[in-house]
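Q: Chain residues, written in single-letter form:
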Amino acid sequence: MLKKSIYPILFIFLSFGCATTTPITSFSYEELEMQSQFFSTKLDVNVVEFNPGLPADESKFQDNGLWPELRRAESRRFAVNLANTLNKTQAFSNVSITTDSNYISDLVVTGKIDKSNGEDLHLTISVKNSANKYLIKNKSYKHRTNQYFYDNIRNKGKDPFETLHRAIAGDIIALLKKEDLNNTKLVTELRFANKLNPLGFSDALELNTRTNTYELGFIPAEDNPQLVRSQNVRIKDQIFKNEMQKHYIEFTNNMNESYRVWQEASYDASKKKREAEAAAAASAIIGVLAIAAAASSGDSYDYSTSAYVTAAVGAGLLANAGIKASEAKVHESTINEVSKSFDTQIAPKVVEMEGVEVKLEGSIKEQYSQWQNLLYTIYESESVQSKDFNIL
Amino acid sequence: MNRNLFNPKTLIFYSCLTLFINSCSQEVDTEEVFADVLGVDPNTSLDCTGIWEGSPLCLERNEALVALKKLDVLMIALEENDSSPEGMNILTAAINQRQEADKKYFEEFYFQARDIYQEASNSIESYNSEKSSNISSQILYLQNLLDTFQLNEAKGLLDKALLANQSNQDLIKIKNRIEVFDEVSSLNINANNELDKKNFSLALEIITESFNLDPSRKDTISLKDKINLEGNEFFFQSFLKEAYSLTDSSDIPNARIAFENAKKLFPNRQEISTARSYISKKSIEIDLKNLKNKLSTSLKNENWSTAKSTLLSMIKINPLDDDSINLLSRVEKLENLEKEISTITKQPERLSSKNIRDNLSRSIANAKSLNLKDENKFLDLLARAEDILKKYGSMVNLVIRSNNDTVVEIVRTTTLDPFEIKNLELYPGTYTIVAKKKGMRASRLDINLEPGSKGLTVIAQCEASCTVAQSSSTSNLNIPSTKITQPIETDQNTLSSDSIPSGNYSRYAKLNSSSFSRTIECNRPTNNRPYKITLQVTLTDSGRVRSADIKSIELDGSYTTPNEDDQYAAVVVKNALKKSRYTVTSGVDLPELFQIDQTLKIPANFCVE
Numbered sequence: 001m002l003k004k005s006i007y008p009i010l011f012i013f014l015s016f017g018c019a020t021t022t023p024i025t026s027f028s029y030e031e032l033e034m035q036s037q038f039f040s041t042k043l044d045v046n047v048v049e050f051n052p053g054l055p056a057d058e059s060k061f062q063d064n065g066l067w068p069e070l071r072r073a074e075s076r077r078f079a080v081n082l083a084n085t086l087n088k089t090q091a092f093s094n095v096s097i098t099t100d101s102n103y104i105s106d107l108v109v110t111g112k113i114d115k116s117n118g119e120d121l122h123l124t125i126s127v128k129n130s131a132n133k134y135l136i137k138n139k140s141y142k143h144r145t146n147q148y149f150y151d152n153i154r155n156k157g158k159d160p161f162e163t164l165h166r167a168i169a170g171d172i173i174a175l176l177k178k179e180d181l182n183n184t185k186l187v188t189e190l191r192f193a194n195k196l197n198p199l200g201f202s203d204a205l206e207l208n209t210r211t212n213t214y215e216l217g218f219i220p221a222e223d224n225p226q227l228v229r230s231q232n233v234r235i236k237d238q239i240f241k242n243e244m245q246k247h248y249i250e251f252t253n254n255m256n257e258s259y260r261v262w263q264e265a266s267y268d269a270s271k272k273k274r275e276a277e278a279a280a281a282a283s284a285i286i287g288v289l290a291i292a293a294a295a296s297s298g299d300s301y302d303y304s305t306s307a308y309v310t311a312a313v314g315a316g317l318l319a320n321a322g323i324k325a326s327e328a329k330v331h332e333s334t335i336n337e338v339s340k341s342f343d344t345q346i347a348p349k350v351v352e353m354e355g356v357e358v359k360l361e362g363s364i365k366e367q368y369s370q371w372q373n374l375l376y377t378i379y380e381s382e383s384v385q386s387k388d389f390n391i392l
Numbered sequence: 001m002n003r004n005l006f007n008p009k010t011l012i013f014y015s016c017l018t019l020f021i022n023s024c025s026q027e028v029d030t031e032e033v034f035a036d037v038l039g040v041d042p043n044t045s046l047d048c049t050g051i052w053e054g055s056p057l058c059l060e061r062n063e064a065l066v067a068l069k070k071l072d073v074l075m076i077a078l079e080e081n082d083s084s085p086e087g088m089n090i091l092t093a094a095i096n097q098r099q100e101a102d103k104k105y106f107e108e109f110y111f112q113a114r115d116i117y118q119e120a121s122n123s124i125e126s127y128n129s130e131k132s133s134n135i136s137s138q139i140l141y142l143q144n145l146l147d148t149f150q151l152n153e154a155k156g157l158l159d160k161a162l163l164a165n166q167s168n169q170d171l172i173k174i175k176n177r178i179e180v181f182d183e184v185s186s187l188n189i190n191a192n193n194e195l196d197k198k199n200f201s202l203a204l205e206i207i208t209e210s211f212n213l214d215p216s217r218k219d220t221i222s223l224k225d226k227i228n229l230e231g232n233e234f235f236f237q238s239f240l241k242e243a244y245s246l247t248d249s250s251d252i253p254n255a256r257i258a259f260e261n262a263k264k265l266f267p268n269r270q271e272i273s274t275a276r277s278y279i280s281k282k283s284i285e286i287d288l289k290n291l292k293n294k295l296s297t298s299l300k301n302e303n304w305s306t307a308k309s310t311l312l313s314m315i316k317i318n319p320l321d322d323d324s325i326n327l328l329s330r331v332e333k334l335e336n337l338e339k340e341i342s343t344i345t346k347q348p349e350r351l352s353s354k355n356i357r358d359n360l361s362r363s364i365a366n367a368k369s370l371n372l373k374d375e376n377k378f379l380d381l382l383a384r385a386e387d388i389l390k391k392y393g394s395m396v397n398l399v400i401r402s403n404n405d406t407v408v409e410i411v412r413t414t415t416l417d418p419f420e421i422k423n424l425e426l427y428p429g430t431y432t433i434v435a436k437k438k439g440m441r442a443s444r445l446d447i448n449l450e451p452g453s454k455g456l457t458v459i460a461q462c463e464a465s466c467t468v469a470q471s472s473s474t475s476n477l478n479i480p481s482t483k484i485t486q487p488i489e490t491d492q493n494t495l496s497s498d499s500i501p502s503g504n505y506s507r508y509a510k511l512n513s514s515s516f517s518r519t520i521e522c523n524r525p526t527n528n529r530p531y532k533i534t535l536q537v538t539l540t541d542s543g544r545v546r547s548a549d550i551k552s553i554e555l556d557g558s559y560t561t562p563n564e565d566d567q568y569a570a571v572v573v574k575n576a577l578k579k580s581r582y583t584v585t586s587g588v589d590l591p592e593l594f595q596i597d598q599t600l601k602i603p604a605n606f607c608v609e
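Residue numbers (the working numbering), protein chains in the order written: chain L, 1 to 392; chain F, 1 to 609.
Since the hints were made in silico from the structure, they are not lab data. Watch out, some of these pointers could steer you wrong.
[What the hints assert, rightly or not] Within a straight-line C-alpha distance of at most 25 Å, the following computed PhoX-like cross-link-like pairs (lysine-lysine) qualify:
{"hint": "1", "chain 1": "L", "residue 1": "Lys185", "chain 2": "F", "residue 2": "Lys437"}
{"hint": "2", "chain 1": "L", "residue 1": "Lys185", "chain 2": "F", "residue 2": "Lys438"}
{"hint": "3", "chain 1": "F", "residue 1": "Lys574", "chain 2": "L", "residue 2": "Lys195"}
{"hint": "4", "chain 1": "F", "residue 1": "Lys601", "chain 2": "L", "residue 2": "Lys195"}
[Said to hold, decoys possible] Chain F regions said to be covered by chain L (calculated; three or more residues, Cβ under 8 Å):
{"hint": "5", "region": "109–115"}
{"hint": "6", "region": "569–577"}
Quick reminder that beta carbons are idealized off the backbone N, C-alpha and C, glycines included.
Using the sequences and the hints given, assemble the complete structure.
A: Now the structure itself:
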């Protein structure tokens with residue numbers, strides 16, 4: 001009987017006793033820049049707005065302690081933070097945040113938020129190159145910050161999870177050292193050309209059906225007029241993406257202060273809750289040991305006691321959330337408002353080509369989508385020489 | 001306490017005292033005062049409140065005061081405005097009556113005071129009424145005197161009238177009129193003189209000055225009207241005359257200006273509509289004459305665009321002009337044909353394309369059907385075009401050397417699998433030769449096969465890199481040449497991914513439908529529109545497909561831009577066709593390589609999940 005009781009004890013130890021996040025390895029920006037200095041070329045990167053990791057069933061939001069508006073805001077905020085980190089490494093050419101992973105770039109970074117509570121940030125990250133090859137596939141990145149970070153006035157305005165973003169950047173740079181970057185750039189160029197003119201570039205790339213990756217076919221000559229047209233359109237595509245980045249930066253800036261207050265308050269609450277749960281687990285272990293002892297002596301025991309203890313501690317935590325929690329509450333509406341306004345509408349863009357104006361309207365996602373359709377029109381009207389083009 | 005109800009005896013005492021004091025004064029006030037200190041003050045308040053409330057005596061007193069107020073106003077007005085003897089008499093009588101009434105008032109015989117005040121008021125009103133009637137008739141009379149130039153008599157009568165009513169505005173106006181009478185008369189004479197001399201503008205200026213001095217002078221008004229009428233008539237006739245004159249001298253724009261000036265003066269006169277018709281008719285005649293001259297010149301110079309616009313203007317003026325309509329049709333054809341033919345002849349190297357050659361042949365035939373005679377420039381152009389077409393109709397040799405490891409594409413013409421040497425015969429013109437190999441950057445070279453030349457040799461190969469270069473070596477080869485022939489028209493058919501039809505698709509080559517259906521590979525569903533696609537397929541004499549290139553996509557009966565899904569479906573068909581086989585008709589003498597046009601109908605949503 002005693003032996004049987006040992007298994008739950010071990011289980012609890014394994015579950016709660018080791019409930020810490022393994023430290024991740026990250027390099028400084030200087031180190032990352034050093035690592036990338038031998039790259040044959042710098043790649044463009046699309047960081048796609050992250051998957052907020054919300055369950056499909058909205059009724060579970062509350063049970064899981066999720067605040068959906070905040071998560072949606074974080075899905076963009078973390079993408080912006082990662083893009084900033086990638087930019088700071090000086091290892092990449094253009095780093096853009098986009099709304100869809102199908103938009104073509106040398107590298108496409110996608111991510112999902114698994115956990116974000118001010119203390120812990122868990123992200124699942126994938127990185128694909130333009131040939132459709134995964135450099136990183138669904139890798140989990142976890143980081144736990146500490147009170148010292150929040151207390152240190154030198155950290156004011158800093159991202160407590162920058163270490164995690166640097167770790168991702170470090171992984172990408174390390175993996176790129178093994179890749180033929182010029183080949184990746186060429187595949188990107190040909191995929192873009194093929195997207196605009198499938199007939200003209202049908203044999204430029206071949207899809208390997210086994211690996212689902214693109215391989216080079218008949219590479220068009222550099223002076224192929226259709227390729228030159230496609231390159232001109234691609235320059236305009238980058239101008240448009242650069243223009244759209246302003247909205248993401250503005251979005252992050254608008255919520256910076258509110259998010260910082262929330263994050264600090266959330267850190268307190270999360271930490272207390274975690275510690276309370278650990279304490280409850282420890283009590284449960286003692287209880288289990290008592291059960292084991294009782295079992296061995298033939299006494300009865302109420303197995304629901306440990307759950308009751310945990311619930312009681314959790315309620316106490318909520319009640320004593322403290323001043324920081326009430327301060328955070330004040331900023332809740334700001335975060336909600338900023339997040340919702342980003343979903344609805346941004347300023348319309350007027351694209352001027354050869355005196356003809358085309359207006360892009362709606363949310364950032366809708367404008368990105370309208371732009372994809374407009375690329376074909378630009379390609380059709382494009383001559384070999386680049387024409388006048390403005391985003392007003 | 002109401003101070004107005006002091007005991008009259010007390011008031012008499014104070015009045016006597018005042019008189020006594022005044023009598024001792026050295027200065028005598030000569031001004032006549034009809035409401036002296038002993039009189040009742042007409043501004044006494046009408047207060048019957050307090051202990052006097054409801055008192056009949058108080059009510060009578062108030063009635064008396066009301067009558068006094070009215071009388072007071074009438075007396076003041078009479079004194080100020082009327083210095084005539086009659087007026088003075090009436091005023092004196094009123095003063096006496098008022099004093100009598102005041103006495104009654106102070107004796108508290110209010111009803112008697114009231115009646116006397118009223119009687120005095122009636123007398124003044126009656127006098128005023130009579131006087132008013134007199135003044136009105138006097139004003140009329142005065143105006144009549146002025147209208148009949150009896151100035152002196154008018155002056156005498158005015159002085160008298162002003163005595164009785166100094167503030168009468170009508171009399172003051174008449175006084176002013178009399179003062180400027182002579183000046184106005186002089187101005188009118190001058191204006192009349194200028195009118196006689198047809199100096200309408202000056203006459204109008206003078207009469208306006210006169211009118212401003214005395215707007216009521218009948219002779220002035222009459223003269224002003226006369227000047228206006230005669231002046232307008234004069235200018236109207238002058239403008240019309242000018243309009244006709246300018247029209248006859250073909251100066252239509254200025255004629256219209258003169259006409260508009262006349263119209264402003266008398267817009268509804270019959271002469272206006274007559275002149276309008278005349279100018280319009282003349283204008284059309286002149287326009288047509290000018291247009292005919294212009295047309296003649298432009299036809300002579302074979303300037304078709306000017307001739308076309310001139311004819312359109314002529315037809316606009318006369319939409320039923322059949323000659324112009326027929327000529328316009330011919331000119332439009334000439335313009336289009338000349339444009340097409342000259343565009344091709346300026347770039348004869350484009351004649352390497354079958355479409356261009358066909359277009360030029362068709363344009364030449366169409367031009368000849370127009371029976372050209374006087375169009376010398378056009379005839380020269382046609383002769384040149386025929387010459388060029390003939391020159392470019394003879395094939396030229398193109399030798400391509402390669403390394404048996406390179407695919408060579410002649411853009412929009414054919415694609416050749418790896419080989420070592422090929423001797424091709426092509427129509428003269430420009431071609432782009434591409435050397436390509438999987439995984440390597442292709443290389444391109446534009447060449448020009450001159451008509452009548454011995455041809456060219458090109459080395460196209462991919463080794464360390466792809467290169468295409470023209471060789472200086474001669475192209476005399478002992479290997480048979482392959483003609484890159486014109487595409488052979490094939491029948492059309494409808495294809496879909498799940499239903500491949502059977503039957504003959506070509507007079508010389510039949511698509512093996514099962515080989516085609518097996519090779520259709522859709523990697524994703526397509527939301528394409530239905531369209532017709534024509535591919536140029538290069539076949540070996542054994543029916544193997546060497547290359548398949550899309551020539552055209554026809555959407556809804558017209559050649560428009562295919563969208564992404566349309567293009568994807570086309571690529572799927574193209575790739576399938578590349579891997580398909582054809583059954584070649586036996587017994588027909590076909591070259592080793594030949595091309596056919598394969599037209600297929602692609603249904604909507606070609607690739608489905």
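Q: Would the pair Lys574 of chain F and Lys195 of chain L pass a check requiring their Cα atoms to be no farther apart than 25 Å?
A: holds (17 Å)
Q: Closer than 8 Å Cβ to Cβ for three or more residues is the test here. Does the region 569–577 of chain F pass it with chain L?
A: Since 4 is at least three, the answer is holds.
Q: Assess, step by step, whether the Cα of Lys185 of chain L is no farther than 25 Å from the Cα of Lys438 of chain F, and give holds or violated.
A: Cα-Cα ~17 Å, so holds.
Q: Report holds or violated for chain L covering the region 109–115 of chain F, Cβ cut-off 8 Å, minimum 3 residues.
A: Violated: only 0 residues of the region 109–115 of chain F have a Cβ under 8 Å from chain L.
Q: Would you check the hint for Lys601 of chain F and Lys195 of chain L, treating anything up to 25 Å between C-alpha atoms as holding?
A: holds (24 Å)
Q: For the pair we were handed, Lys185 of chain L and Lys437 of chain F, check the Cα-Cα distance against 25 Å.
A: holds (19 Å)
Checked against the numbered hints given earlier, this structure breaks only hint 5.
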